[in-house]
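**Student:** Now that you have both chains on their own, put them together as the hints suggest.
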Amino acid sequence: MGGLQKKKYESGSVTNYVSRNKARKKLSLSLADFRRLCILKGIYPHEPKHKKKVNKGSTAPRTFYLLKDIRFLLHEPIVGKFREYKIFVRKLRKAYGKAEWSGVQRMKENKPAYKLDHIIKERYPTFIDAVRDVDDALSMSFLFSTFARTGKCHVQTIQLCRRLSVEWMNYIIASRSLRKVFLSIKGIYYQAEVLGQTITWIIPYQFAHDHPTDVDYRVMATFTELYTTLLGFVNFRLYQTLNLVYPPKLDGQGEFSLKSECEEDYALESESYSEKLSALSASLARTVPLVEDEEAELDLFPAEGVRYKMVCCSFFIFLFILFFLRSEGTNSIMCCTLCRCFGGQVSWDKSLCIGSTYDETDETITHHIVDRPTIDKQYINRYYIQPQWVYDCVNGKILLPVEEYFLGVTLPPHLSPFVEESEGDYVPPEKLKLQALQRGEKPQAEDDDEEEEEDDDDDDEDDQSEDEDEANLAEMEEKRAQGKSLSVKVTPGKVKPENRMRAEQEEKAEEKRLAIMMMKKKEKYLYDKIMFGKKRHVREANKLAAKRKAHDDSNKADKKKKKKKC
Amino acid sequence: SALERHPPHVGSPPGSLDRLAPDQSLLIFITFSVRSQDIRNTVGNIPMEWYKDYPHIGYDLEGKKIFKPIRNKDELDEFLDKMENPDYWRTVQDKMTGADIRLSDEQVDLVHRLQQGKFGDVNFNEYEPAIDFFSNEVMIHPVTNRPQDKRSFIPSLIEKEKVGKLVHAIKMGWIKPHRPKETTPQYYDLWAKEDPNSILGRHKMHIPAPKMKLPGHEESYNPPPEYLMSEEERLAWEQQDPEYRKLSFLPQKLACLRAVPAYSRFIHERFERCLDLYLCPRQRKMRVNVNPEDLIPKLPKPKDLQPFPTTQSLVYRGHSSLVRSISISPSGQWLVSGSDDCTVRFWEVSTARCLKTVEVGGAVKGVAWNPNLSICLVAVSYDDTVVLLNPGLGDRLVCTATDQLISSYEEPEEVKDQPVQWAVAEGEGHEQGHRLILKHPKAVRQVTWHGKGDYLACVIPDNGSSLQVVIHQVSKRRTQNPFRKNKGLVQCVSFHPIRPYFFVATQRYVRVYNLIKQELTKKLMANCKWISSMAIHPGGDNVICGSYDCRLAWFDLDLSTKPYKVLRQHKKALRSVAYHRHYPLFVSGSDDGNVIVCHGMVYNDLLQNPLIVPVKVLKGHTITHDLGVLDVTFHPTQPWVFSSGADGTVRLFT
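Same order as they appear, the protein sequences are chains A and B.
Mind the numbering: the first sequence is residues 1 to 566 in my numbering, read in order.
Mind the numbering: the second sequence is residues 1 to 654 in my numbering, read in order.
Because the hints were derived from the structure by calculation, they are not lab data.
All values reported here derive from a predicted model rather than from experimental measurement.
Incorrect hints may appear among the rest.
Label pairs and their calculated CB-CB ranges [as the list claims (entries may be wrong)]:
hint : chain 1 : residue 1 : chain 2 : residue 2 : range
1    : A       : N381      : B       : P185      : 48 to 54 Å
2    : B       : P185      : A       : G151      : 28 to 34 Å
3    : B       : V288      : A       : D214      : 33 to 39 Å
4    : B       : Q283      : A       : K562      : 24 to 30 Å
5    : B       : N514      : A       : T15       : 51 to 57 Å
6    : A       : Q197      : B       : V288      : 54 to 60 Å
7    : A       : T15       : B       : V288      : 26 to 32 Å
8    : A       : E84       : B       : V288      : 16 to 22 Å
9    : B       : K181      : A       : A148      : 28 to 34 Å
10   : B       : D558      : A       : K22       : 52 to 58 Å
11   : A       : K94       : B       : Q240      : 50 to 56 Å
12   : B       : V288      : A       : G424      : 15 to 21 Å
13   : A       : E421      : B       : Q283      : 28 to 34 Å
Using 27 Å as the maximum straight-line C-alpha spacing, the simulated BS3-like pairs for lysine-lysine come out as follows [stated by the list, open to error]:
hint : chain 1 : residue 1 : chain 2 : residue 2
14   : A       : K521      : A       : K535
15   : A       : K524      : B       : K303
16   : A       : K547      : B       : K246
17   : A       : K508      : B       : K571
18   : A       : K559      : A       : K549
19   : A       : K549      : B       : K211
20   : A       : K98       : B       : K162
Among the chain A residues that face chain B by a calculated CB cut under 10 Å, a handful are [unchecked claim]:
hint : residue
21   : Y124
22   : Q206
23   : Y527
C-beta: ideal position from N, C-alpha, C; glycine also.
In isolation and in its complexed conformation, chain B is listed as follows (with noise of 0.2 Å):
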């Protein structure tokens, strides 16, 4: 039976029982089961509190129930025990039976002696005189009286196989009973025989790391004021990613030697510097070391190229908005200008008045005057119109003759049908100088003149329609259209000032058509990605190409079909180029509103390159809506230019 109250093993040292000697420990058994033996449960070893909810606490030997003591003891009763009954510490329940006990002075003492972690028994001595039985000495007596085992005689098998294999292992050198030890001593002269031939071809293809950088003045601890970072410095140091910090620690100022902390991140610097040894890909890198002033290249000086246009001279003020175009008189005296607000201006060159301006029912895309000299017609194309106009300036005899030219018309018998109609301008047109309309399918973008003055070509801007270009010939009356099929947008035309040739500029290619074989002769690459203007060189060999991504293409024809030379010399989309007729001079006029003009000497030896030199940058033009210089011309006889803006100037540089 166990105790509940007074457990034996509370407080006593563990293992105290296991001192018991065993025969005294069945002692205590017995003492502890002696009173219960005449109502002994036979329930067995279980949990108690199965029986909790029955009036029964188990069986006894015979089968009968053995039923708890009437105990109608509540809390009050037990601390009243607890305060009157002497004996209530010695007193323990039997869980099996219910029952009380009082403990006897034996028992307690018993209990006493096994908490204090001693042997039960009160005359047990533990500390006896040992006898040593079984000691180093041999007596003359044996212990016990076995006979010794045969394998005490024989030697072990096992064991000279073991040895064996030691023996083996030793005589092969795979075990070495001993290190030999070492002799050198741990560091010598090792570079006593330096032998330079030694050196292995590998150390030529070593790249050696480079040393640690050497700190700078902001790394003392003690730095001038101006290393010290400011408030906002430091806070964008703070922000910034570790990695892409300029420095990789913040500049301090310290009063004394002594104030100086310990830098955290050293171990971590040794550890990346680790790292970088091992681990960090080399390779070696060529520094540029140029002198910056060697690769601009050596061009002759822009002084003895001269003449080219130097300064803006004249202004010619009247339009109200942006003018798109301009075309100067073949004699060179007179401008017209045409612009958005459906206005096209006469200018007198010299003096920069305006003569005449005529009205017409569209903003203006583009004029051009005759080149022939004995012709004094100017072509206007606003919306889907071509106008030609007789302006009416200069020489009389030239004006009442074009007049004459173009009454003199007479209808062929055959009428033929035509995609452009021709009329003849009455009334009030008439008197302002019209003098033909040519109504367009669709608006018209450029109109230029053959240099005979007699054909007219006008480009329609419209992809893949087949009337892209057409082509006027203005004595018959008679209209063409020269490609069955166009490939692309067309952006402008041009005819070749001395042969039969015919340049189409779509957005990326130039064509070259020869008109009398009709068949294309050459397809230029102009390597850009939208072609805005185009020029041709009088003697005929070059061409110009103005680009919206501000590249200038120069085409030398002779040479190839891609360009000879790109200049990308403006900041923004060029507009137009140009020309001159007789000095080598070419302009490119962009939305920078910068007009920048070219020395561009072309030589009749074949095997010379042009030569192209940017001589000036023109400024005057003053920039609106984005748009900055639109159209450029040169005078035919003098080495000027004239420029309109989207400022609605003209603008004259001599």
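Just chain A, with the same shape it has in the complex (with noise of 0.2 Å):
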């Protein structure tokens, strides 16, 4: 009893919620301000568990953020250099009006700039964290690297971001963390295991970008922002736990002073060295010397055993293997990276790119990746394929026959190395048959399938056949006891063989149906759901699996037309 009436929408979840003009308000920061300032300190909408409570009542849409993070927004020291920055406009537009053009000088060598530093380390305050988080930043970084200078964004931030995802892949080489490669119709995803966190990144296909209207190049510019800087002190972390050196130098630098006639051909000196740096062929200068790593790493086997000899083998499936490269120019890139990464050696033609090791007479070379229906010069020892060979040997972790991927072959379709098919999933024919490769049989010849199966059809046809017999054999017989014209007759019950297993399952079908009935109301809905999913699953599964059969049907049906004409 007693006491104050508690008044509505004072306690309670909403004062743990605010809407985000409220916020903006509080900050005192304009929209733009505000949203460069959620997007830098990472604080995101919450969505309230009872939101018309939250909303005092009201239905309409709104976003809340929590209270908390908007008071913790409130100690930000960037929020005062919105405001610096703010003001350092004002001042430039007023001196501009008035002529001032030593003041404007002045006001330009001041500007305010800001750090961000200390947001990386607060918002992940252990390196693990920073890893973990890399991906989007990773993603956006190789897409900046891509843009041309069209003012888009700032020259600064494409030649900063190019700088950071050639420094990453360095690093991924130099560290040999590179799991999956896919090459998607959208560009080529590559996975790798960090620190044993798995970073999954994009790279588009090198093409000039045709630039949408609708995208706000502002919020991508703060993300970029942020990302690079992440991604910098990623980097570094990174470079020093393989001992590298940051920024990253070649190795062996007297080699590539001597070429370096040449290479003036393609950059200007000052661009030179990046550009070797971007060609990813050359290894990493270290600040310790690399023989005492090799031979700690040569101590190293047999003290782990077998296990790791395995592993290892998996990871160096192209040692002893040198490739050369006669693919197009973006694509040799991306395969110089895979096939460093598992231990091969990489070059090209002189005259494609800067940083090629050595020369395609070479004889040593052992396969030979062209993009190419028929290539003119041919060498006896060395086996000429399509680049799709390399990137389905990574994600096979085993060297794969090399015969579907010759020039002018039709390529065997590439699986998505990121499925992993759970029971009841539908798993396509290819990745069985790589599998098996995996666990060491050998494949079958196709023509034996082939032939066998084609046995097989014979026998269903048999079978086909001896049925029809037998029906044919019933009707007969039903025909003559026609004939007969007895219109009553007696004939020998047929003892009904009784299917015990069968009886008993249909028993426990419907013992479960009687007590799904018996159900909570609240429980069917979600014993429903699920089923549903659950048969939603299965169908998908067996159209793709309906499909692909329709699909091989034709084809062999197409091969023995052929057969037939010849």
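**Tutor:** In structure tokens, the structure reads:
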């Protein structure tokens, strides 16, 4: 009893949330600045559990931030920097208006700048946190590094992104941490395992971008600002863990200085070094000489035992393989990364790009990668294969037979390495084949398969014909029986074989059906939902399987027709 | 005066006149105006076409009209003039006077010079050596003889103020003459001093953004053929709203890596990811990770709950229309069924033979066999009539005793006004077995007997009327209207098997009345839209209600007025429910053609709730006119179920 009457919306969950506009007013920031701050600090709206309560009874769509988050933003020094910048712009405008050029000059020199180091440290208190969240940063930085200098963003940003992405790629090669690569129609997906974290990023194919008009590049630029900072620090730390020099330097400067004469054709003196770095074909300089490292690695092998060796073998699938790339510009770089990541050596035509290490005429080259239907001059002692082979080998972790990847041959499907089929999912036959190869089973020649299948078909036909015969006989008998014109006939009853198993199953099924009747409404709803999902899953898998079967059948029919024609 | 044919500016670069020295332009003006001085027009600088329609062209100094020169030149004359006159090209017309003027050689020369952008004066040298009068060298003699200002001797106050302000600003640190150069490198080991304790509390509330979905086989540049879309799928995909598409792209098969085109939505997708990261509200949602098998309640196996009817053993055929109602004799030997084909049929249960067919005057709505073993009477309701039939089956003694009982009725002395007319059947009706005929004011829907077999309750559904339920006493041929007022539309009524209670089910509620105290004892809330049927457990403490919205509600009268359990086992409206008299069984029949038998064990122990387990779904009736099973009833002694359906059959399940 007694006491003041409680007012609505003054306690409870409503006090934990604040709408965006309120938050903005509390911080006294413009919307653009508020957005920037949220992006940089990683503040995102929260969906309250009971939206109507938080929205004070209204059902209007509104985004809510946690009040704690907004309070936390109040103490952010970068807000001050934003205000400083706003004032700077105002002053500059004034100075321009008054034509005080010296003032403009001075102001420009003193342009307020801010650093995001503390934000990175705060958002990612440990290094592993940062590595875990580096996916989006990588994708964004790789995208920005492919932008032309069109004024969509600052040139410095593009250069920085390019530098960071090259550094990252160099690290991936040096640490041999690439695991999966996937050629999709959107771009090339890479997956690496860095310090136990799987990191996936996508690189677009190298084409000029058709810049869309409905994309806010300011937002992207803000994200990039954050991501470049994050990526720089991550790179630095990662290089440290491998005892590599940061910023990266090429190993064995001597060789390159010799070649520098011809390299001037491709790049300016100032840029040639970074270009060579981005070619990814040479190893990097280390703070500790490499020889010791190798010894250490050699020591490791016996100690860790056989399993470690196995793993290593799968990492070094391209050991003792020398590649020569003749595929078109963009892909060469990608291929090169792959090959080098898995122990191979790579080179390309000198005229194609900077940084080639050996010539086409080198006799030791084992695989020549070409993305053309034919090639004029062929050497006998090497395979000419299409680039997909490299990717499929990497994903399969074994050296696949090269026959299917020769020039001018229809390639086998390129499967996504990210799909992990659970039970009941549809598994494409190519994947089954690959799994068999991985287990070490020898693939049966396709012709045998076909023959067997044909045999099977014949058997089936035989069975069918037998069935038909029986049916015919039965019909005949019936006709005969009718012929006798006996209106009433006593036939010996057939003993129906009771299938016990089946009866049991049916009984169980009925029990289940009856029990489902007794479910509570809530549980029934959930149960139905789960079962619906399961059924849909099965339906989709069946659909894919049926499609595949139809496709294979039509293919087979075509082949038969061709054979007959021959 | 202006030149019309050869305007001086045409073809000359702009500003060429500016280069003329002022005295020279004056000179030109003078040369041009010399000729026209004698006939000077005074109209001024006006558009001359104003004088187009007048014979004169203006006024001279004396105010006399200046007449236009008589010119009768037409185009041909003009042309001939152009061809023949050698001076035609240097002739211009003076607008002000209308006279033709032949330009002299000097004038033509001047025009040419001006057109070429040269100075008008032939003798003017534009490239004369410049003499620097005001050089930086201090000469002995000043150029001007003006004395120096005072302000050049005394320091400027304004400047002093400005400098002072700057100095003050620098002192206060408002202006920094030079920003201190950044000494720290751009990137360094940020996590050198990693302190796991420094993790803020905020990070515990943090909901990390989910990573982007990894691509499947269909995104490959060379996917397996089954992942490509067929023509119809592609069309469907194109017509779908982009938001609802399962795949954001069309899977494509490309022959080689070289042929892969640029993906046009790449930037879009990155941007959308950015938007998701900072704009999308996040919420932690618990994914329900339940094994669906665990959700199914653990019930005792039906096998352990036998006996219950499992198979259809007999079908009673004969009715040509839907069989609305069935009832079984208390001995369990005979079955009566009433149908829409205006007949009542009597069957022998064990052989499914129709022993007797009685025709009545309308579609039969309800039949009820008198539960008293010593009386052989069947109440049949059709239209507004209830007929008490003596089928004459079974023990002859019982039949004759029944007849005697009816005929031994003596009219009481004072005849009360009754809402129902009682009449004794005679003639043909009597031969068929009709004994008593009760005429009601409106159509009767249901008839039901009291356990003793003397009282008969009838339902006359009529919303708002005070006469919806009537109770007849057969032995005294008396009719009572127990309720002064009825709330709602009465669906069915029932007597309590043991105690003097009376159950009335209206659309949504079941009211329990105490007949002795004449008061309402309970009102059961059925939680359904429309009750169709009701049955009372032989123990008397439990009631089941079937409803048209597919529910079956089990009430435990000791527990609550709300249903103890609601079963939603039928797909369509329930038509009828029934309890078995001895076995713990109850049954429900529905429009979906199924009869569901449930085990409903009621314990004597008050602490233990009833156990309800569905044990069997019996199928047999075919659905006609969207109606399936219309009535169900149990055999009085055996665990057998009779069901009547819209297909005109009665079926026995044993």
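**Student:** Against the structure, test the hints numbered earlier, and report the numbers of the ones violated in rising order.
**Tutor:** Violated: hints 4, 6, 8, 19.
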